[in-house]
Structures are given as structure tokens and as C-alpha cells.
Amino acid sequence: GESVGLHLPTLSVQEGDNSIINCAYSNSASDYFIWYKQESGKGPQFIIDIRSNMDKRQGQRVTVLLNKTVKHLSLQIAATQPGDSAVYFCAENIGGGADGLTFGKGTHLIIQP
Amino acid sequence: NAGVTQTPKFQVLKTGQSMTLQCAQDMNHNSMYWYRQDPGMGLRLIYYSASEGTTDKGEVPNGYNVSRLNKREFSLRLESAAPSQTSVYFCASSGTFFDTDTQYFGPGTRLTVL
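Chains as they are written, first to last, in our numbering: chain W, 1 to 113; chain C, 1 to 114.
The set of hints was computed from the structure by calculation and includes no laboratory data.
Just so you know, not all the hints are guaranteed correct.
[To be verified] Within a straight-line C-alpha distance of at most 30 angstroms, the following computed BS3-like cross-link-like pairs (lysine-lysine) qualify:
hint, chain 1, residue 1, chain 2, residue 2
1, C, K14, W, K42
2, C, K71, W, K42
3, C, K14, C, K57
4, C, K57, W, K42
5, W, K56, W, K71
6, W, K56, C, K14
7, C, K9, W, K42
8, W, K105, C, K14
9, C, K9, C, K71
10, W, K105, W, K68
11, W, K71, C, K57
12, C, K71, C, K57
13, W, K105, C, K9
14, W, K105, W, K56
15, C, K57, C, K9
16, W, K105, W, K42
17, W, K42, W, K56
18, W, K105, W, K71
19, W, K68, W, K56
[Said to hold, decoys possible] Just some of the chain C residues that point at chain W, by a computed CB distance under 8 angstroms:
hint, residue
20, G58
21, V60
22, G108
Quick caveat: nothing in here was measured; it's all calculated off a predicted structure.
Each residue gets a CB set at the ideal place from its N, CA and C atoms; glycine is no exception.
Just chain W, same shape as in the assembly (with noise of 0.2 angstroms):
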């Protein structure tokens, strides 16, 4: 079954406040993250990562937290842009294993003028 997967389809937010996308992940042998957004009709674009080593990784106005006793992932989009309008979605990789990245379903990021 998919080891990586996320708590809302979809989440509203207004322009200017703060975002914050959920993820949740299975493996706990995961030791490497990443955070992509799919605007719509392009490919996913590479927002941030993180390794299992780190809790906290922060971007320009990007920040992801790691919590492994729970194995939540998050990002935290600050003041959020009509451009930031698109489809989240959390990624794994399994210790460079062989089978490439295993994404949720993502969560589509809606601005609320």
C-alpha cells in the first residue's frame, strides 16, 4: 500500500496568512523527504527537502519539519502568494532504495483573495 500520504485533499487559505500542508508517512526506514508543487498542466517543480538527520529545514518563505516519533511531515508556506496557488505533494525515498520516490496524493492549495 502507498507508505506516504496526506490529511486534506484540499486547503484554503487567505492571501497573506500562513500555510500549512500535512503529511503523513509509514516508513520508518524513510530517510529522505521532499516537499514538490504541481501547478496545474506542469510537472512537479522541487520546493524542499529534508533528511531523517534534521527536523527543521527552512527555505525563502518555505520551512519543513520532520517529527519522526510520529512520522508527520509538514510545510509551512509563510505569507502565502496567489502564486503559491497548486497541488502539494510530500515525497519519500527509502535509504536510496531502488524504487525511486513514493508520493502521497497531494493537497491542493487554494488562495482565498
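Dock chain C against chain W, hints included.
Relative to the frame of chain W, chain C by itself:
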């Protein structure tokens, strides 16, 4: 530097027809991947090539074949297309397979099988 490119962008096939989806990357990456994405779903791995000269099955390989033509190019072939293969196909590449490097994706090929 175009990254990962895919051709064609769109294709309509009849059941039983064959076709090859092309993918190329100019990032000198070792590993390449083919995924399919169905509506409302995440991506599922069809085949991958950890390095030039090698290919392996992913999660959903049935009905597909692949060829790693050289380091840059990785093609996906449907020998006898079926409606269940209607999907969006994405090619990706990454630097070094065993370093779990970030995968970079192409724009996708939208395939409809009638």
C-alpha cells in the same frame, strides 16, 4: 540548460496502437525515471534507470518497456496501448541514485487511449 524535456506533449492513441515517449536531460544526471499520474493521484513509478545501461521495474511496469539509449535519453514504450494507460506521464532525472538526490521533472506527456 533546458533541464528535462519530453516529447510529445499530447498524444491520442487507439486501443492496440503502439508509441514511444521520449525523454532527455541535459544535467548530466546518472539516474532517470518514468512516472504516471492519474487524476487526483500522486505519481507512481513505472520504470527507472539507475545508470546508463541499466533499467529496473517500478511499482506499475506492466504494459510498458523502457530503453536507456545513452546517459541523456530514456524512452518509454507502449507496445499495445490500453484505455487503462490513459494518464499523464512524467520523466525525471537525478544526480546520483544512491545519494537520494533530488529528482527533477519534465513537463509531462498527456496520453489518451480510446
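Checked hints:
About 25 angstroms separates the Cα atoms of K14 (chain C) and K42 (chain W), which keeps this hinted pair within 30 angstroms; it holds. Distance check on the hinted pair: K71 (chain C) and K42 (chain W) sit about 24 angstroms apart at the alpha-carbon level, within 30 angstroms; holds. For a cut-off of 30 angstroms, the pair hint linking K14 (chain C) to K57 (chain C) stands: about 25 angstroms separates their Cα positions. For the hint pairing K57 (chain C) with K42 (chain W), the CA-to-CA distance comes to about 25 angstroms; that is within 30 angstroms, so the pair holds.
Under the criterion of a C-alpha separation no larger than 30 angstroms, the hint pairing K56 (chain W) with K71 (chain W) is consistent with the structure, at around 14 angstroms. Among the hinted pairs, K56 (chain W) with K14 (chain C) is inconsistent with the structure: their alpha-carbon atoms are about 49 angstroms apart, more than 30 angstroms. Only pairs whose Cα atoms come within 30 angstroms are accepted, and K9 (chain C) paired with K42 (chain W) is accepted, the gap being roughly 11 angstroms. Between K105 (chain W) and K14 (chain C) the CA atoms are separated by roughly 29 angstroms; this keeps the pair inside 30 angstroms, and the hint holds.
Distance check on the hinted pair: K9 (chain C) and K71 (chain C) sit about 22 angstroms apart at the alpha-carbon level, within 30 angstroms; holds. With a C-alpha separation of about 20 angstroms, the suggested pair K105 (chain W) and K68 (chain W) falls inside the 30 angstroms cut-off, and the hint holds. With a CA separation close to 27 angstroms, the supplied pair K71 (chain W) and K57 (chain C) stays within the 30 angstroms bound. Straight-line distance between C-alpha atoms of K71 (chain C) and K57 (chain C) comes to about 18 angstroms, which keeps the hinted pair within the 30 angstroms bound.
A hinted pair counts as satisfied when its Cα atoms are at most 30 angstroms apart, and K105 (chain W) with K9 (chain C) qualifies at roughly 23 angstroms. Our distance criterion of 30 angstroms between C-alpha atoms is met by K105 (chain W) and K56 (chain W), whose separation comes to about 23 angstroms. For a cut-off of 30 angstroms, the pair hint linking K57 (chain C) to K9 (chain C) stands: about 24 angstroms separates their Cα positions. Only pairs whose Cα atoms come within 30 angstroms are accepted, and K105 (chain W) paired with K42 (chain W) is accepted, the gap being roughly 16 angstroms.
With a C-alpha separation of about 28 angstroms, the suggested pairing of K42 (chain W) with K56 (chain W) holds against the 30 angstroms cut-off. Taking the CA atoms of K105 (chain W) and K71 (chain W), the gap is near 17 angstroms; set against the 30 angstroms cutoff, the hint holds. Between K68 (chain W) and K56 (chain W) the alpha-carbon distance is near 11 angstroms, which keeps this suggested pair within the 30 angstroms criterion. Annotation: G58 (chain C) was flagged as interfacial toward chain W, and the flag holds, the nearest CB pair being 6 angstroms apart, inside 8 angstroms.
Proximity of V60 (chain C) to chain W is violated relative to the hint, the smallest CB-CB distance being about 11 angstroms (cut-off 8 angstroms). Of the supplied interface hints, the one on G108 (chain C) holds, with its beta-carbon coming within about 5 angstroms of a beta-carbon of chain W, less than 8 angstroms.
Going down the numbered hints, you'll see the structure goes against 6, 21, while the others check out.
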